[in-house]
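Novice: From just these sequences and the hints, can you work out the full model?
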Amino acid sequence: MRMCCLDDGGSHLVDALGPRQIWNDIHRIMKRIELEKLNNTRDLAAIELPGGRVEHGRLIRSGQLGRASNADREWLKDNVSVVIDFRSDMERYEVPDPVIEGMVNIHCPIIDDIAAGVNRDSQSNEEAIEMLMTDPDNAMRYMCGMYETFVTSETARAGYEAFARKVLESADKPVLWHCTVGKDRAGFATAIVLEMLGADRETVMADYLATNGFIEHDLEAIANFYFGDAGSMESRAEDAFRRLFGASREFLEAAFSKAEEMYGSFRGYIRDGLHISDEEIEAWRDAMLSVPEESL
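Take the sequence shown: its letters are residues 1 to 296, numbered as in our numbering.
Do not rely on the hints blindly, as some may be mistaken.
[To be verified] Straight-line alpha carbon distances no greater than 30 Å define the calculated BS3-like cross-link-like pairs of lysine-lysine that follow: (1) LYS166 with LYS37; (2) LYS31 with LYS77; (3) LYS77 with LYS173; (4) LYS77 with LYS37; (5) LYS31 with LYS173.
Treat the hints as calculated values from the structure; they're not laboratory data.
Specialist: Here it is, written out as structure tokens:
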């Protein structure tokens, strides 16, 4: 099975992302931080926003940090002050973040110790994923449902409120947030940050969908683990795999729709669900944004 990369216009994953213009925009607004082992670590500074841009190195999204090389750890030590980890207790136990002097690590769990929709005590993670990968529609329903829980779950709202609060409190510090791959929980967190920064919906979606290019090697490894040889996957299994492990606009749109249903808008979710006032957001945004020199 061929996975997408940022220069692979023919990939099945790329074709599933949405309008071609959105995919083209990814090249314009994304800035991957070149680290050895952390492939999905990205700086939001390159994203054009109303009123300017965020300074480089202030807001960073990533996957888990446990695989960081020695050089990566040195970069983290020199460039990150606050790390926010969305993973569950079990995930943190299995692959702990590195302990780095001067770097504060804050735990903001979004989901409980569950994987693929079932409790670890009742059924194994591997069995559940294999079940979902036999049916693309089932995989799509599961993923959309999970994104809806980012809005509806008290645990998720508490985690995202704590995250948003810490981001607002750390306007003078470089902040990095992550989950496991850096796609779902971290992706929704980034949507919250970009909404607070005033980004339009298509920019938020472009950032989210860019993950498919940055996690190419991770997806290959996962596919080989479950199928032995990713190239031997049947088309139906490939479709289900893509839906389960890739980023699809339907997932994030499911969360947006649920937020609009419950709170009137995504901003309403942030204001009333996460208890972050418009005044707090405006003050933080003014502190974060700077006008690019070429615009002066």
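Novice: Which hint numbers does the structure go against, in order from smallest to largest?
Specialist: Hints that this structure does not satisfy do not exist here, as all of them hold.
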